[in-house]
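Mature numbering (1 follows the signal peptide of the UniProt record, and there is no 0) puts the sequence shown at residues -21 to -1, 1 to 453.
Worth double-checking, as some hints may not be accurate.
If you anchor each label on the Cβ, the simulated ranges turn out as follows [as the list claims (entries may be wrong)]:
no.: 1; residue 1: Ser244; residue 2: Thr75; range: 15 to 25 Å
no.: 2; residue 1: Phe74; residue 2: Ser110; range: 16 to 26 Å
no.: 3; residue 1: Gly135; residue 2: Gly223; range: 16 to 26 Å
no.: 4; residue 1: Lys16; residue 2: Asn181; range: 20 to 30 Å
no.: 5; residue 1: Ser110; residue 2: Thr309; range: 35 to 45 Å
no.: 6; residue 1: Lys414; residue 2: Glu18; range: 55 to 65 Å
no.: 7; residue 1: Tyr353; residue 2: Thr70; range: 20 to 30 Å
no.: 8; residue 1: Asp68; residue 2: Glu421; range: 50 to 60 Å
no.: 9; residue 1: Pro343; residue 2: Asp228; range: 35 to 45 Å
no.: 10; residue 1: Lys378; residue 2: His429; range: 15 to 25 Å
Capping the alpha-carbon separation at 30 Å, the derived lysine-lysine pairs in DSS-like fashion look like this [claimed, not checked]:
no.: 11; residue 1: Lys378; residue 2: Lys397
no.: 12; residue 1: Lys21; residue 2: Lys269
no.: 13; residue 1: Lys430; residue 2: Lys414
In case anyone wonders, no lab produced these hints; they're calculated from the structure.
Every residue, glycine too, gets a C-beta built ideally from N, C-alpha and C.
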Amino acid sequence: MKKTILFFFMTLMMSWSTLSAKADYIIMLDNGGSTTKQEYIKMRRGAIKLIEQLLACNPENRVAVVQYGTGVFDNDTGVYKPLIYIESDFTNNFFTAQNFERRLDFGDHLHQSLGLVKNAIMEVPDPDIISPQKTLNGNNIERIIVFTDAERASAGLDSYLVDPVYASNYNSYEAFANVMEFKTNTTMGGSIRFTVIHSNTNNDAIEAAAAIASPDGPYSGPLETVPGDPSNGYSRSYYNRTVGFGLRDYEINYWKDLAAYICYSNSRGTLDFLYEPGWCTYQASNLIGKYNLAAGVTLQELKLELINLQTGEIYPVESDPVFGAGNSFTFNFSPYSFSHVLNAGSTGLHKFRVTMVSNSLNGPEAYSWNGYPYFDYDINMDCPEPIGRKSLAEEKIFKLTPNPTSGLFKVMFNKEVKSGIMEIRDLVGNTVCNKVLRGEKEIEVDLSSHKEGVYIVNVRTDKNETYSEKIIKK
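Build the full structure now, drawing on both the sequences and the hints.
Right, dumping it as structure tokens:
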């Protein structure tokens, strides 16, 4: 009963969420027997990429991963019934959200699993919620996102999207009763919506899954029409996958485009980048991205970090952005850009994260993960030939002094640069100074006529090595 009042006001809160731009999302993953181990890997990767987009869209958004099946994975007891495993309560911590593995197996009864999710939300004890986490404490549940390959109803495959008791009742409320309760019953919020990513080619299955899906999506094809469904008459948030959950070569923006339909932005600005994962740090090349800010908002800094996917530890990457036209930027990696992570002895798989710091009143930071969707990681630190663990001092070929400066400062080289180019850019990418290098030991620079802020000093040698440092004009 303690949640009755909370859910009574859920509809009002959902309307408020459109303005406040924050929401909770439930990610449901089909663990049924028709989902092979290889296909689960692809589904998990897609779910994590979508989670990245939802959390980057607004750092105040939260997600909860719920897996469903009818038995425990790799533990065939011969007793099958609908079960769910809740990985964690709603969280906006990416490390917590993406840190899951397959839990269940055998059948996929979406209808009954939604009943278990309802019990978790309403804090009703249920032995078929077999995870340590038993409840879902969402204050503002926006949407349930279902990844599944299920049939509409197939006793032979133990695969059900609808209530098996009413499986023969096409276009009926009863067949979709649990879905409809989320969509329409005020005790469940009244406007909790569904997105369905469905790997199936059967027409009956497609029409049932599309009927489950809610508005705000690209699908306008055939579907079962459920009486009283508030989604009737609208295009649906249904995404059919005829080739499984793995993406084709031309679907690089698949999860980004999907998230754009279902995520409320917080107006802190947007940030995107692409990096094609290499095997290890010595193969890293560069990272290319673009940022956008709301009118009147000023960029203050772009930060690049590397996150260990096993521990959640965060390491700075020693590379400053090179800004180009149209709010574009590039991080170029030198052999020792990864000294922090290497000196820490971090191993295993890691991901890049770029954070944009601005003066936005909606929050000073926005961030992005790699938009390249075909890998679970960006860099693997378990290398047969890792680069040397050089000290941070060894990787710098010049220093800036004084820093901060009121205008005048020196670029002092500790390594001979026989020839090359030095340029200084502001954070918008405008070049404010450039000079051809011919073996100088130090160069004096005057920024007195330029406004206060952060500037990037880039030195490119005749060996095509690029080094960068920040100078602060106060």
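Item checked: Hint check against the structure, violated hint numbers in rising order -> Of the numbered hints, all hold.
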